[in-house]
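Please model the entire structure based on the sequences and the hints provided.
Protein sequences appear in the order of chains G and Y.
Heads up: the first sequence begins at 1 in this note's numbering, then just goes up one per residue.
Heads up: the second sequence begins at 1001 in this note's numbering, then just goes up one per residue.
Derived by calculation from the structure, the hints in this document are not laboratory data.
Since we're looking at a predicted model, the values are computed, not measured.
Virtual Cβ for every residue (Gly too), placed ideally from N, Cα, C.
Careful: at least some of the hints might be erroneous.
To be verified - Heads up, incomplete: computed chain G residues facing chain Y, CB under 10 Å, no partners named: (1) L317; (2) A383; (3) R405.
Claimed, not checked - Rough simulated footprint, nothing fancy, chain Y against chain G, three-plus residues with beta-carbon under 8 Å: (4) 93-105; (5) 387-399; (6) 411-419.
Stated by the list, open to error - Residues of chain Y placed beyond 12 Å of chain G at every Cβ, according to the derived structure: (7) S1032; (8) A1033; (9) A1132; (10) F1154; (11) M1186.
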Amino acid sequence: MPREVITIQVGQCGNQIGCRFWDLVLREHAFVSKAAVYDAALSSFFRNVDTRHANLPGLPVGDQIRSLKARCLLVDMEEGVVNSLLTGPLADLFDARQRITDVSGSGNNWAHGYHVYGPTYRESIQEKVRRSAEQCDSLQCFFLLHSLGGGTGSGLGTYILESLEDLMPEVFRFVSCVCPAREDDVVTSPYNSILAMRPLIQSAHCVLPASNDSLANICNQISIRDAEDSNTATLIDLPQDERQPRRAPRAPGRRTAQSAPPRKRPQAEPETPVAVPRSAGTRPPPIGQERPFDRMNSLVAHLLNNLTSSMRFEGSLNLDLNEITMNLVPFPRMHFLLASMSPLYFGRDPRFVSRGFHQMFSEVITSGHQLMNVDPRGSTYMALAFLVRGSASIADVNRNIFQLRKKLKLLPFNEDAFKIGLCKVAPRGLPYSVLHLGNTCAAHQMFSHTVKDFSRLYNRKAHVHHYTEYMEKGEFDEAFETVNALIKDYIHLDMLHETPASCCPQPAQSVRSAAAVLTPSTWASSAAAGASSQFLPRPIL
Amino acid sequence: MAPWQALHSVAGGTGSGLGSFVLSAVRDAFPSAVLSSLSVWPFRTGEVSVQCYNAALTLSSIYEHTDLSVMCENEGYLELCRVLLGQERPSLDSLNSAMSGNLVRVMMPCGSVHKLYGPGCPLLQLAGHLAAHPLYRLTTVRALPQIRKGAEAFTSDAWTALQRRMLQLCEHGTMVDRPSASPEAMHCRTVSASTFLWGDGATDASLEPLRRMPLWQHSVDGMQAHQVHADGHHVGGLERSLGIVSNCQAVLPALCSTTSRATSMLRASAYLHQYERYGLSRDEMSEAILVMLQAQHDYEQLSASG
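See the structure below:
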């Protein structure tokens, strides 16, 4: 089906996550469809090109796979990460023309990314986005991958988001952003985060934040469990883990011989990884030759993979990205979704898969599986979505949702705000899995933490001079106001279960015309006329 | 002029939205043709967050353009599959099969209808009779007996037994043939109905039990409001089976829950910005919900006046 997604990876973090994501998508496709045919599932993320011609013409769906190119734009103001991607095992996957790089980087400065690199590269970005969009039959959405704590990802990334809104307003803009941990090694990360949140609130359709704290927690949890039970595989396993026996020490960079692969199965990680530390977040201890953050990045990659699985594979209840936006976002600016996945680990031996379907569902709303650093217990949920992959039936899912409803607080006018998606293809090694996306009022906690850190710095005007070199000081205040207003709206909705005033336009005319419409209609039979007064609903506000 | 039958759901986007547009387009092109819609209503526990908005908008289009609408609720069919057909975890495919199994008994060409109206689909031919009153256009379909696959050869019900059970189903407004009725089951009144008897001795069967169906007092009395047709063909391998399409109060539970959700969502202005993106204003949404409220009120009035 032509429901193409164009991915835009900005900054070091965005590109590293993207690398893991493409790796995962290819492995999954190779596992599911053994015949090397370019089918509709692949066409949403890849183009099939004929490399004999310089301009890489695309081939139609149904042909044999010649060479796959990802529908992707790589943007970074430092060359290191993008170069390592383009010379690494996934080099052939990227079209070398779809990259924008510079040399000096943004120096962890949002203003440098947004106000300097943004306008400089605006034309180039728009031209490349337009070219990618022309190669699609029917573009569904843009996926932006970046982090909020740095300079390029947050500054240039949000500039790109706003220019996408100008260029193609009707295409959905999904953002997956990585929020810095509370104790981050970039001092100015609160400034960068708050300044980046303003465009995210105003221009994105849907944001899936992942906090470094939560990602690190999940990875630690999995490692502990891993140490106890060596026969399990985990969601954060890297390619080299699969080819080596579990107990043996991991030999660095050993390439194992592979049997004739479907063309795009990636090789083992390169022998000399460029260990460029990401500028945000705590670091888990490196194991063998993996790069830092690889395991945390693969969690986010799994999130994106599961999110788009319904678009790529068959199922009895498909769930597209635009359906997620529609069902989970009742009020325009409150579009920050809490994501969580279950199960996180699985037994290699199917006899030891101990996670039942019901347990999986009840685990997925616990904090140990969440990617955002908030506590949703006790907060109101606006809407929830469950994407179930694998051999699950609608009856099972309904039953579990029915049980779950009793534990959750929902908005009174939206009690059946559950969106279900069923995809037939399970992730590799698992009989089923569930991805939960919840639009909860507890999202304001994420903003509140950042606002506190921001105020601590801004009250002393520390480091502000680096930013005012490129922008007005008023932008700080504007961003701060926007984020605060959103926090107030979330709290208002949570406490009072009433729509915040900023979300419902109340022009006087509409109230009058609604009242005119509500008089008894001419259809009412004469017998019913007497009872019509009791049927008239209260005037709709 | 050949009749038209639309099949769609009312909760989604394409089926409900584009479906409504198609209904209006067909009505513009063929003003005098019979247009019927077969709408699948979603689970009341929630399938799509905005299902009540979409249902209201579709229902207003149905009332404006179609002559007849058959309402099939996911929930009823799930219960049917689980309880009677013995499937522990029914998939959507089995729900669809159960739905088609019910519908085939009212849509297959029937001998006695053929004699009166000529060849064709009985449901559409009888649309004029079923939806004679302009206010009442929503119908539901039931079929008996409800047994699991493979047990057809071992089932043999007498016509009187089948008719009595069907009468009970119609009185309570349910679709699932269960022996004990819950105490709060409503007493369901029928505006008009058509019953189809399929199988051995159908044409000669006594119709005594069916005559006791509770009709709306303003319906035309006796067998005029409730027509019975028969054909000797064995449908679904069953010796004797019964299908009924009735315009009755069984549609009320779905209508009530949908309207109450829709009005409270509209009061809170939830999701409206998503519809405004594509040009559907708040006023149009409240008008559509009003149509649904009106339909609910009309069906409730059926019991008040008798």
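### Task
Please flag the earlier hints that this structure goes against, numbers listed from lowest up.
Violated hint: only 4; rest satisfied.
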